[in-house]
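J.: Input sequences plus hints: build the corresponding full structure.
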Amino acid sequence: MTPKKFDYYAPTTINEAIQILHDNEDSKVLAGGQSLLALMKLRLAAPASLVDISKLENMSYVREEKDYLAIGALTIHDIIEHNQFIKDHFTILTDAASKIGDQQIRNKGTIGGSSCHADPAADLPTALTALAVNFVVVGKNGQRVIPAKDFFVDTFTTSVGKDEVVTEVRIPYLPPHSGSGYIKHSRREGDFAIVGVGAVVTVGEGNICKDVRIGLGAVGAIPLRATKAEEYLKGKTLDDKNIVAAAEVANDGADPPSDMHGSREYRLEMIKVFTKRTLKLAMSRVK
Amino acid sequence: MHFEGTFNVKAPKEKVFGMMLDPNQISQCMPDLQKLEVKSPDDFTAVVKAGVSFIKGDFTLHFTTVEKTPPTHAKLVAHGTGIGSTVDLDTLMDIADAQGGGTSMKWSADAKIGGRIASVGQRLLNGQAEKIVKNLFECLQTKLEAA
Amino acid sequence: MQSLKTDMITVTCKINGKEYSGMVEPRTLLVHFLRDDLNLTGTHIGCDTGHCGACTIFMNGKTVKSCMVLAIQAQGANLMTVEGLADGDKLHPIQEAYWENHGLQCGYCTPGMLMSSLFLLQRNPDPTEEEIRRGIEGNLCRCTGYVNIVKSIKAAAKKMQQQQGSAAPSIQAKAGH
Amino acid sequence: MATVTELVKAEEEAKPKLWLGQPLKRKEDPRLISGLGKYVDDVKLPGLAYASILRSPYAHARIKSIDTSKAEKLTGVLCVITGRDVVKITDPFLQISPAPANKLKDYCLAVDKVTYVGDPVAAVVAESRGIAEDALELIEVEYEPVDHVIDARRALEKDAPVLHEEVGSNLVFYGKWDYGNIEQAIKTADKVVKATLHFHRFSSTPIENNGVVVNYDRATGFLNIYCNNQMPMFCIPWLSFGLRFPSNRIRMITGDIGGGFGTKIINYPYIALVAILAMKTGRPVKWTEDRREHLAAANHGNERTFDVEVPVKRDGTILGFKLKAFDDCGAYTRYEPAGAAIWAQVTPGCYHFANFVMEFYQVMTNKCPVGPNRGYSRSQHLWMLERSVDIVARELGLDPAEVRLKNFVRPDEMPYVTPSGGIYDGGNYGESLRKVMKLIDYDGIREEQAASRRKGGKLIGIGLATVLDSGTNNFGQVKIVNPENPFSGNSEAARISIDGLGQIQVALGTVPQGQGHETFASQVVADEFGVSPDQVTVLMGFDSGTNPYSHQSGSYASRSAVMGTGALLGAAKKVKEKAAKIAAHLLQTSPEKIDFREGAAVDRETGKKIPLWQIGNVAWVNNLLLPEGMEPGLVAINFWRPSFTLPDEKWRHNQTLTYSYQSHAAVIELDPESGKFKILRYAIVDDCGTQINPLIVEGQVHGAAAHGIGAAMYENFEYDEENGQLKSSTFIDYLVPTALDIPHMITSHIETPSLFAPKGIRGVGEGGCTPVGAISNAVEDALAPLGIRITDSHQNPQQIHKLIREKASK
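Residue numbers (our numbering), protein chains in the order written: chain A, 1 to 287; chain B, 288 to 434; chain C, 435 to 611; chain D, 612 to 1421.
It is possible that some hints are incorrect.
Here are the simulated EDC-like pairs of lysine to aspartate or glutamate, each with C-alpha atoms no more than 16 Å apart in a straight line [claimed, not checked]:
hint	chain 1	residue 1	chain 2	residue 2
1	C	Lys588	C	Glu534
2	B	Lys343	B	Asp309
3	D	Lys636	C	Glu534
4	D	Lys649	C	Asp470
5	A	Lys162	A	Asp23
6	B	Lys399	D	Glu755
7	B	Lys399	D	Glu777
8	B	Lys418	A	Asp154
9	B	Lys421	B	Glu291
10	D	Lys1066	D	Glu1280
11	A	Lys5	D	Glu748
12	D	Lys714	D	Glu777
13	B	Lys343	A	Asp154
14	A	Lys4	D	Glu1280
15	D	Lys636	C	Asp470
Honestly, the hints are just simulated from the structure, not real lab data.
T.: Structure below.
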């Protein structure tokens, strides 16, 4: 299996990268390549030129900034999975990263690449949606910041411009008494989700829900927020009764696809089941 | 995959029928038209660039009108190939007077996709195919309203 | 900046401690470069989509699937393949363990399996069964049902601990540590 | 003075130690763990060119036109061929079907019509893989889709689309097996249990795909074929007649093979295709199948639907089985309809009933052709039996273990003759079931299950299955499907030589794919000559230019250990007889007094010895010292065949030589909210008679079980009703179980030597796909409180969830 021919560029600075993307019609950024190269080998994707940004420096880091945790776009899943600060404060991200593909894929795949690939069934985009992260994007006219809710536009499509590159993911710190988790329902652990649910909760006195964000994967063209369930829970006690009631409306607005592993109907049901479980998991981790 | 829809326009039946079977009009509503060869109004070939995001390529679609009873009914059949895949599309159009004036256009499309895309893209296929077909008819509707 | 059109380009990298270089197309996969151009046929191909792990090698200290990496991406990289595991005629403890515990049958997945075993044990010298199974999740085997592979890795862990890294450092050097 | 223990030890050492039965480390492994294995894709020849194949995107369509001109013009392309070219230079492959199905015209490329997604349409040879694949994109094929059919029953209907007009219908074979008196049994039964059961499509998908390298040597006129076919010499008639090429100039070579499991038996169309390309281009040509090609078009296992009626007594006694089977063999017959008869090896399974009727239909559909796959054709039948036994137990309110124990054939009945003429060669089925139940603490887990049912929540299920693992087939069976078929029995060849320096070399016809033939053969031969296995060299792989063979040689039907040992013992006997004569002549004693010990021929009485090297020296180069009139050389080829018979008028005959058996027990925990379940405990007890090498036996048992677990829980070739597309055509959707998906297996053995096979060895390796039964039984057991019946061999969580939902809504 050989990809179609393409031109290859390996810029060493971000500006070079942007220039090449700008100058070359039908060019595509290559980060970890764990999804893109497979599609190119199957000859479903055949970009005329490939811009390999893996040689760019200072794009792989996990850094504690004042208001947010900054993760470099070229940070591989394996680093995220094992980062202690992330484990302590954003367990949802540890859950998601550790469930991506397998060890070799986690050794090569990057958070930026996975986000830009925007497969609605992938693990990270769902978790990042629940975390309401911001994506830092650099282009010809400098830098801009895209909130997760505006980042994912359609299947395999983001709001990142043709000659822009994602450089960093910013995760706002959670207030005290927060907990989070991600659960993937799939046939085998490393598979794409039949349904993936990420949840972040913040509670006050007596487990009153101050804030909750629920991200849903594999339920439409892009990762969704279960807004109706979120609304239901806000201000209520996060107990089993309310969690179950919220889960019942979690699939509101979801439009899942069908395939041999999960029909539309099955996925709509699983959204409820796994929203319930993920909320409980997140609650169990509140600290 | 089966898709269908109905829309009403002011334009008279004949006009609607005419536009729905006019290769030049239809092709303008196809995704990213590359080339159009019209042998006859009932037999034409269009090359379009279609797909999902960067997973796209040129499809050569050969259209023939197999049923035609002006101005109320027509059946358009298309066979096409591209990126190691095949597309077979059966489109039915039924045109009638709408209650309260105007014309109602009822369409349905059966799409069969085979080969490389079907073998890998199963999870994504339906949604994207639906988008393409729906866009096509929405585009025709706007054209009719504009006309 | 490395930039080229679709014509051939030279790749130079270190494999199992030796310098190699060759001409490739940009689209040449690393696994084909290793097998077809450098004749390192120990690394195998079992699927198209990065699921089977038969092509697993070390790239700059981490295991990757060499069918999911372009040859040019290995420019200047430090690679280790199964051919670099033994120290001359002396088998690596992991190889011994697979042999002694019947951790292979047809042997086709074995080179990749050995690479993943090494990565796992370098990182976690005393893994639980669950950790072992997770560590080789990216390597499919159709002969053994994994039972004796898990057994082999447990045995290898013991051997490597006993040897107190006498063999390990040289491997790690080769693996780019 | 020597202590008692020392004396005992000395005594032990004095006994000749047998290598047979030792857990010897494998001789193959050093090269395989060092990356030095020699697989077909590793073969490189000067001037090697690469082939790539264009395949059908349609399930069923006419080819209106193919335009290869653009592809031919691409730089680096050497040649492009289509079905139209192939028809001119080759003949259709042999068919083993009866008329009219034998009229089927099967070529290595589709001619004018494609009949499944993946059907080869054209082939390109180019200077590189990449260019060959580029060229495929430039071939323009105009198809005219026609109606397709992917359901076997539907394919039999009068108005169903017909795949191959020359055959006239989609029926390949119909046959009725009728033993005892089933109607009488039904009359006298307390109850007749009925079910319709579906066995799904899957395949063992070896990690190494198919591959072929062909070098046509114009100087010698030889076709040198490097491949990974499991029965290369069995393919010769297909290749020779198909290619119109003399069989005595076709040389078949295999090296290490990256797994086969039966799926590499019917790759001869690809061998033929590459041979044509090599002859056309005058270059050595390599084709390496990619995974998508393998999944779509290599070899699926038979899909089969059963209508089942089981007359039973209230106490659980099974009086018989009345069956209708619809076997879906896909778009071409290839090795079929062999599978339409091979299930009959295990007609009653381990059970005692005498009344049996099977009406068997084998049908072509627009899907990938099927062929042998680990447990070939018996898996389906054995699963049906095990599923039915559990359904019987449930309907009678009895414990499934109790029903099995009640109906098992008893040890005191061995050798037991089955209604279809099978002769079981010993075993204790009851003991193996009881043993496996102990391993999972059956009674304990039943109590846990009861407790958890009272509590609610996760559902625990327990599944049992005891199946036959028949080995060493009698090809006489294919005369059942077509009396004209020119094969019967089974045979294998071995050569042993002691050279001029006394070194022992062994060559076999068996074609290993990881079963350790170099190791087991060394063990067997070492015992014969009183040497250590290190002193025996066994040629790796197979080469018809250097290895002895029969045209039934190969690794299939769990036969190599048994057939190989039979052939080796015969060859050793011949060599030893001659060596003994030489030794006796040199020692001036009689051959009868000669033993072979510690690498020498020893006079039993005087203890005088002649080392093997000296015997070899005399036999070959110092031959004036040979006894008067003895021919030089010390080498023997032996052909061994089991004593089989042809089927009688009711198709009764012993259909395999050995009948190993296995009992499996699975404990699962099922999540009713998602339908997903995991295995909590898994245990296996197997009996393959005398074990040559327990390490290898254990490995085979593990591997077979993993295939069954994969099939039951993950692997499924699902086709789209609407357009006949294969939904699982990459490893993204065809789910091969990982180390996280296969549980730890507790294994134990019973060792009942075979009553018929050499050294009491029984075949092992296929395992009868036992887990498919154990797991579907466990799933139904978990869902028993809801009264759900499992009728499919594949357990997909969404399907289980659907069943639960349907029950809940009632």
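J.: Take the hints in turn and mark each one as holding or not.
T.: We went through each hint and held it up to the structure:
Distance hint between C:Lys588 and C:Glu534 is fulfilled; the C-alpha atoms sit about 12 Å from each other, no more than 16 Å. Only pairs whose Cα atoms come within 16 Å are accepted, and B:Lys343 paired with B:Asp309 is rejected, the gap being roughly 26 Å. Distance check on the hinted pair: D:Lys636 and C:Glu534 sit about 6 Å apart at the alpha-carbon level, within 16 Å; holds. Under the criterion of a C-alpha separation no larger than 16 Å, the hint pairing D:Lys649 with C:Asp470 is consistent with the structure, at around 14 Å.
Restraint check: the Cα-Cα separation between A:Lys162 and A:Asp23 comes to about 10 Å, which is no more than 16 Å; the hinted pair holds. About 13 Å separates the Cα atoms of B:Lys399 and D:Glu755, which keeps this hinted pair within 16 Å; it holds. For the suggested pair B:Lys399 and D:Glu777, the alpha carbons sit about 28 Å apart, so the restraint of at most 16 Å is broken. Taking the CA atoms of B:Lys418 and A:Asp154, the gap is about 11 Å. The hint holds against a cut of 16 Å.
Annotation: proposed proximity of B:Lys421 to B:Glu291 holds, straight-line Cα distance about 8 Å (limit 16 Å). Of the pairs offered as hints, the one joining D:Lys1066 and D:Glu1280 holds, with about 14 Å between alpha carbons and a cut-off of 16 Å not exceeded. Between A:Lys5 and D:Glu748, the direct Cα distance comes to roughly 13 Å. Compliance with the 16 Å bound is thereby established for this hinted pair. For the suggested pair D:Lys714 and D:Glu777, the alpha carbons sit about 6 Å apart, so the restraint of at most 16 Å is met.
Between B:Lys343 and A:Asp154 the alpha-carbon distance is near 14 Å, which keeps this suggested pair within the 16 Å criterion. For the hint pairing A:Lys4 with D:Glu1280, the CA-to-CA distance comes to about 47 Å; that exceeds 16 Å, so the pair is violated. Our distance criterion of 16 Å between C-alpha atoms is broken by D:Lys636 and C:Asp470, whose separation comes to about 32 Å.
Violated hints for the displayed structure, listed by number in ascending order: 2, 7, 14 and 15.
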